[in-house]
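Student: Turn these sequences into a full structure, and let the hints guide you.
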Amino acid sequence: MSDQGAAGPGETGTLEPWEVFRREKEGDPMRHGGSVMAPDAQLAIHYARELYGRRQESVALWVVRRADVHELEDPDLLQPPLDRSFKKPGGHVMRDKLAAARERSGQPKPKAREG
Amino acid sequence: MTDPLSLDPVLSPQERGRLPFNEDLPHDERFEHFEAHVLAGGKVESTDWMPDEYRTGVLRFVEMHANSELMGVLPEREWLMRAPTLRRKLALTAKVQDEVGHAQLLYRVAEDLGKPREAMFDDLLAGKTKFHNVFHYPTRSWADIGVIAWLVDAAAIVAQQALRDSSYAPYARTMKKICWEESVHIMHGRDVVVTMVTGTDEQRAMLQEALDRWWGPLMQMHGPRSPREKDRDLHWRIKAKTSEELRQEFLTIYVPRILELGLTLPDSELRRDDDLGEWRYTEPDWQELRTVVTNHGPKSQERLEFRRVSREETRWVRETILRAAGAAA
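Heads up: the sequence lines are chains S and X, in that order. Letter by letter, the first sequence follows residues 800 to 914 in the working numbering. Letter by letter, the second sequence follows residues 2 to 330 in the working numbering.
Keep in mind that the hints were calculated from the coordinates and are not lab data. Backbone N, C-alpha and C define an ideal beta-carbon position, used for all residues, glycine too. One or more hints might be untrue.
What follows is a list of derived Cβ distance ranges for each label pair [as the list claims (entries may be wrong)]:
#	chain 1	residue 1	chain 2	residue 2	range
1	S	W861	X	D268	48 to 58 Å
2	X	E261	S	E815	45 to 55 Å
3	X	P139	S	E823	37 to 47 Å
4	S	E815	X	V185	24 to 34 Å
5	X	A120	S	E823	31 to 41 Å
6	S	L877	X	E230	28 to 38 Å
7	S	E815	X	L271	46 to 56 Å
Tutor: Written as structure tokens, this is what we have:
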């Protein structure tokens, strides 16, 4: 054993928050679980395993120092007030126009595809 | 390429102010935006601006909850070495570990509101903060373990399920995880109870005796009735239901499940009033509740002393961890 634990008073580590992400099962995305307080990554992983993985509810964990997370919360950039419906499938409504097109062409509505 | 963050805001000041809680606004206006946001069902994150009243309200609520999880394992740990079978011992050990884990999760939520964990432990030991009434009582037999795990946890989960919709989002998220684990404890407790009522006469009698003793504290657990409009925790949607709503819900679900086992409840007034659609019961002893939660209960001082000693005995671990991390840095 080395005497690593025998640091002087000025060298005490400090606890800081680490964010914990967990993958519930193979193929799932990593989801935020919560956070733990730890002085380093090794202990943060240890706590994360105890609090977020002790009953087989996770197949993988990430711990990330909270200070290393960069956040963007600006509503101008994330929730702009302009109409962005053209970027979403539901933003293109053509039911009535399709009906009109079928009426003009005299073709029946195609049957639903069989899966 | 232009950095999008360097562009001028396109939202009008009103629209920006509505997304809480624009720091350019004067305090009163921020407060109004915050209040409107919360009352409309909006969520608050730990990094959001929040009024002091909200911050201290959430902190007090979560801290009391964390204290209760931490102190709540002490009655149960008394039976770890006396569990009747290996499987029961494993289940009870896992439950104790879960409850301590809940305390860890909840103290973490509280820490992010600005109060260090050590300060919360100091206040708990000094009697400045409280823990739930049910954890101030002795455990007399193995039947107590069944009653605690089934009915104390059931009464707690009724309250906790309502907290999954708390306006304080980190608390709400934590409660989802906690409720899931608590549902396991309830099944463990119910299994202990059902096993005993289908056992010998002595086992049945032991269980009935435990239920008779715990019924009073269980009825007190959610607290006295209080008017909805005066409750600030309800106003801020920190919690969703009044004490009486929680008690009624508990009775509705659990009285039939207790009676179906052939057990009796020690309250001759207890009955469902179908006209009113609610339960009638003998008024719980609110003086007992006040006495107990101010640490004058039968086991209050002994359990706090246990906590004090265990905190001192493990201090070297916390200090060693910090020293090791400091030396490695």
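Student: Where does the structure disagree with the numbered hints, that is, which hint numbers, in rising order?
Tutor: none
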